[in-house]
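Number of protein chains: 6
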Amino acid sequence: MSVVVTRVERVDTVVVEQYSGLGVATLHEAQGRCGLLASYMRPIYRPAHIAGTAVTCEVAPGDNWMLHVAVEQCQPGDVLVVAPTSPCEDGYFGDLLAESLKARGVRGLIIDAGVRDIATLTEMNFPVWSKAVFCQGTVKETLGNVNVPLVCAGALVNPGDLIVADDDGVVVVPRVKAAAVLEKANQREALESEKRATLASGVLGLDLYKMRERLAEKGLKYVETLADA
Amino acid sequence: MSVVVTRVERVDTVVVEQYSGLGVATLHEAQGRCGLLASYMRPIYRPAHIAGTAVTCEVAPGDNWMLHVAVEQCQPGDVLVVAPTSPCEDGYFGDLLAESLKARGVRGLIIDAGVRDIATLTEMNFPVWSKAVFCQGTVKETLGNVNVPLVCAGALVNPGDLIVADDDGVVVVPRVKAAAVLEKANQREALESEKRATLASGVLGLDLYKMRERLAEKGLKYVETLADA
Amino acid sequence: MSVVVTRVERVDTVVVEQYSGLGVATLHEAQGRCGLLASYMRPIYRPAHIAGTAVTCEVAPGDNWMLHVAVEQCQPGDVLVVAPTSPCEDGYFGDLLAESLKARGVRGLIIDAGVRDIATLTEMNFPVWSKAVFCQGTVKETLGNVNVPLVCAGALVNPGDLIVADDDGVVVVPRVKAAAVLEKANQREALESEKRATLASGVLGLDLYKMRERLAEKGLKYVETLADA
Amino acid sequence: MSVVVTRVERVDTVVVEQYSGLGVATLHEAQGRCGLLASYMRPIYRPAHIAGTAVTCEVAPGDNWMLHVAVEQCQPGDVLVVAPTSPCEDGYFGDLLAESLKARGVRGLIIDAGVRDIATLTEMNFPVWSKAVFCQGTVKETLGNVNVPLVCAGALVNPGDLIVADDDGVVVVPRVKAAAVLEKANQREALESEKRATLASGVLGLDLYKMRERLAEKGLKYVETLADA
Amino acid sequence: MSVVVTRVERVDTVVVEQYSGLGVATLHEAQGRCGLLASYMRPIYRPAHIAGTAVTCEVAPGDNWMLHVAVEQCQPGDVLVVAPTSPCEDGYFGDLLAESLKARGVRGLIIDAGVRDIATLTEMNFPVWSKAVFCQGTVKETLGNVNVPLVCAGALVNPGDLIVADDDGVVVVPRVKAAAVLEKANQREALESEKRATLASGVLGLDLYKMRERLAEKGLKYVETLADA
Amino acid sequence: MSVVVTRVERVDTVVVEQYSGLGVATLHEAQGRCGLLASYMRPIYRPAHIAGTAVTCEVAPGDNWMLHVAVEQCQPGDVLVVAPTSPCEDGYFGDLLAESLKARGVRGLIIDAGVRDIATLTEMNFPVWSKAVFCQGTVKETLGNVNVPLVCAGALVNPGDLIVADDDGVVVVPRVKAAAVLEKANQREALESEKRATLASGVLGLDLYKMRERLAEKGLKYVETLADA
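Chains as they are written, first to last, in my numbering: chain A, 1191 to 1419; chain B, 1191 to 1419; chain C, 1191 to 1419; chain D, 1191 to 1419; chain E, 1191 to 1419; chain F, 1191 to 1419.
Derived from the structure by calculation, the hints contain no laboratory data.
Residues of chain C placed beyond 10 Å of chain D at every Cβ, according to the derived structure:
| hint | residue |
| --- | --- |
| 1 | Asn1348 |
| 2 | Ser1383 |
| 3 | Lys1385 |
| 4 | Leu1396 |
| 5 | Lys1408 |
| 6 | Thr1415 |
Just so you have them, the derived chain F footprint on chain D, three or more residues with Cβ under 8 Å:
| hint | region |
| --- | --- |
| 7 | 1191–1201 |
| 8 | 1256–1266 |
| 9 | 1276–1287 |
| 10 | 1290–1301 |
In silico DSSO-like cross-links for lysine-lysine, where the CA-CA straight-line distance does not exceed 27 Å:
| hint | chain 1 | residue 1 | chain 2 | residue 2 |
| --- | --- | --- | --- | --- |
| 11 | E | Lys1411 | F | Lys1330 |
| 12 | C | Lys1367 | E | Lys1408 |
| 13 | E | Lys1400 | E | Lys1411 |
We put the beta carbon where it would ideally sit given N, CA and C, even for glycine.
So that you can see chain A by itself, here it is in the shape it has in the complex:
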């Protein structure tokens, strides 16, 4: 059976907006090193940064019919997350669908498949993270699902989860953790900018993080030449 779930509990808008300055690397760390999509998910242009709530869309290979269904479920501040039921690089998405999403206030597209019209999407300033850029057209014959949990590029995404994407890639933060992760991420950011200044001044990480003793315990040897090892 194919379903469209119409009532999605989303991360609170106030929380989402506070994510606007936070990067994927920071968030991935702040939530305990999980939630990353695979490294092949790349932005069509750089720099790019979005944070928004997931509307999920599961599609058949080579069939983009459900994207049209998904558009209607999108609200301002959403990010559309698309995964095919088997690996496919076809061009499911182009400038027309982008206009539709933009008209609804959608912030971007995450698609574990192909995208096309990227010159126009770049001009429109509509960001996409995809597995491929490929013009291969799709059909409209087979149903899928909208707003069901799905695996996108190796990561589990539930509708309403927070999606953040930047030049480094894409991360999903589960809805129920979004507030807690935000706090940890902000703490992390504060700490990092401090550390960054210290390291820029020439202090070594070995000293800043007090690593020397533990390295020695593990058996690290300093030698003048390899023959001395």
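Starting from the structure of chain A, add chains B, C, D, E and F where the hints point.
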């Protein structure tokens, strides 16, 4: 036997020039969803767009001798299309060959292999779509063929066919279809800009394309929550 | 056993500086077509060009502890070269380590793995050539080696070797050959700019390189149509 | 935080045993075409077939410590399902761990990473489906999780779910659906063996499935030669 | 438009049968080193060898409807050659379709996509060369073409061409060349078995093929140690 | 310059023979977890196991000329190790070269490229570990090197080094370490068979390796359900 075919019937110049505003996605659709080269064929810089007539060149792996032979067969408005006889990412092409092609009025290179000197090629504004960027040098020992039909990145290319390449990838339009495809592509473009405006105004694709009834017939269900499904 | 070799004989600074105008393609040719790293090693931004002396760092998969150890061994003019002991795309390196390396005058990073914070690295103008862009965090539990010979992206790199990287990729020049290769590369550059001018004027490579006779000897046939072959 | 969940509700043993004659293709269809692991998951020997309940184990790249923790959580009839937190092909598993699992009555291993000692595992008749065969050793430094939900080779696996693997690959059936899917799979098997006999007798699928009319409606044309099209 | 071409000129049966003892490597050489399908096309069991005439079938990604149409066009001695219009690894083919093909005397399947039920296909002794083994089910919604020229795994195949497949892979011999290639292949076989005996007796290829002089001319140097080079 | 080094110091024959019972996994561990070739190097048939001394051969892409030169440098007990100067999957090696190597007492071939005639090689019982099986023919035009150090599938191999290959893959043991590694490997084997018996009796690795305390220190928590975590 290795041959150079010297008399190639090309798509008419007047027709070629009318392709200059048309994108790969549009053309692929206009000719019935065929003719695309594989998604790994990417431009060395963006944005880029060319339309021209194919001079084909089949080369041995790691051997770029035939490129020099192919240059002489090129005319203003041509695009050089190169395919190795087995997969190879070596750097067959660099700034010297680009100067030669530019001097002959060639519009760009499509190569199912590697290219090098891409900083210089970018400065020269000579566009290349390739499988890889790689400096590995090639030899000049083994013959190949010029202006024979070949398979490049999964697509059949005949000499004289029309090649269009842009940020989305590369498409080949068979010579005998070039005029007919042009007409369809222009119709499509006209339709699409209309549709784009409609969608930008907020009209849903579901309504514009009248999809709701057929979706229901196929069995699509709208539910408030997944538990209702 | 894990070691840090502290005394590394490096290519002479005067020699290194003379490499600053030379590209990877030229150097690869000048040293007899060897020393290239695999084509998947791509720069995080373009254009980019560095030349410097290798500090090598062998790391465990998913563990960037030794990078902190390696930083201390770096001197102004060095390039840090990192290889995992088995294939891994994790994000070993980000903005904090970049600050540390920059503070020590390091010119860039070559890593057969992943990198993150690339928007910041781009702003900092700190160039990286990597296999992947990926945020996946790493641990600090397992020792590795610093300044031992290692294989990075298919190429053998010894500490103190010369590393040159540009938009085309990365090449390693063995320390003992650095002076000789420099001379050959300069000769090659001189020759090439001459050739480039000749080719730009429309002289064919077939004539410039006197290839016609040898092509005929090998059996190349010119025919008007394929049916004549 | 790293956890070991000790109380796992498993598919009922009686149900599991009835899966012993059912193939992955049938089950994937019977549950609505979902639950397949990626096609790169291949058995180390053929033929092989197992059905059992999942114990899940999430590991760090290059670190197999948690496998030892997971062994203790295994019961007779279980299948161990292992996924690294980032892509890794290291040899996490060999003959010693296989002896341990065999001693506990475990039916096989599904691992989205590498395996080694496959000659011995074959002799032991201990089946493994893996992404790679690779000897690269692992460390025991970093914690992971046992019996938490995880994504293995693109599929969501919950502890206690049913895992079936054969020469075709691996499928996961959610615990709560196991009884229902069994029934549908048996119906399907019955139907298929009937159909198979009919097709073997020479009846065409076009007629058996009554496809001719719908094909014609969609516009399929039969022509003697392509020129007639 | 989608078409089924019903009248296909095939390689003569008498010629086809004489190919039954000839391997892919020999035929590829005998026809001038062309016609090989990509190296990822592997047999589902070994040893296997078939020679037959091509019925071609172009399918949409994830849609195997046209396979049922193609079956009817098959005659005894044919080989079914299937290519999707964009890359897809779904399991288009299983035991039911194999029964149908077997009932019509088809010798095997070549598919640039996935196959399933390989344990049963192996028992049935029905050979398949495919890109993947994958259970992912397909739909029956979109038309394709039967007996049109297509590119399968990088090689152009025309209906009626000769297909030979063995443990080494798959080669296509164009229909009009089939008789000529057969003669060359037989000559080659005769020569090779002679050479094989000579080499087995210890005569070196360097002497048998008289390579020493040409190697010296090209500049090959024999040295006792690398230091002497 | 291209060279053939004729005087190669090999691992002592007596030492080599003692490696005949040792597997790749054991040796990789015994020498400190290094020396493995990439996981894509797979045997053409299984089971297979060889141990021998390396004759190295560096070849141009698509050119197997130097293999004929290398044959002459082989002695009984050698293993031929071949690496192309850039990635290539062509079929460099088939039954004729295998006869030559067999006549000289060579134990097998390790090639970071393609091989063909694998049905015949299997009948001949001549083992090959390769990156691909592919019939694509090669030329004899370009020189390479024999018995120089080279990187094969990511590992540095020096002529005379010990090569061991089995169903798990391929490992290189540097000549000067061969005796020491043998001793460690034998110790390891003895220990492992003891451990294997203990684990087979049902003793847990957690207890045998005394891991419980350290796991607890690192923070591993046992909980009944995930909600308790």
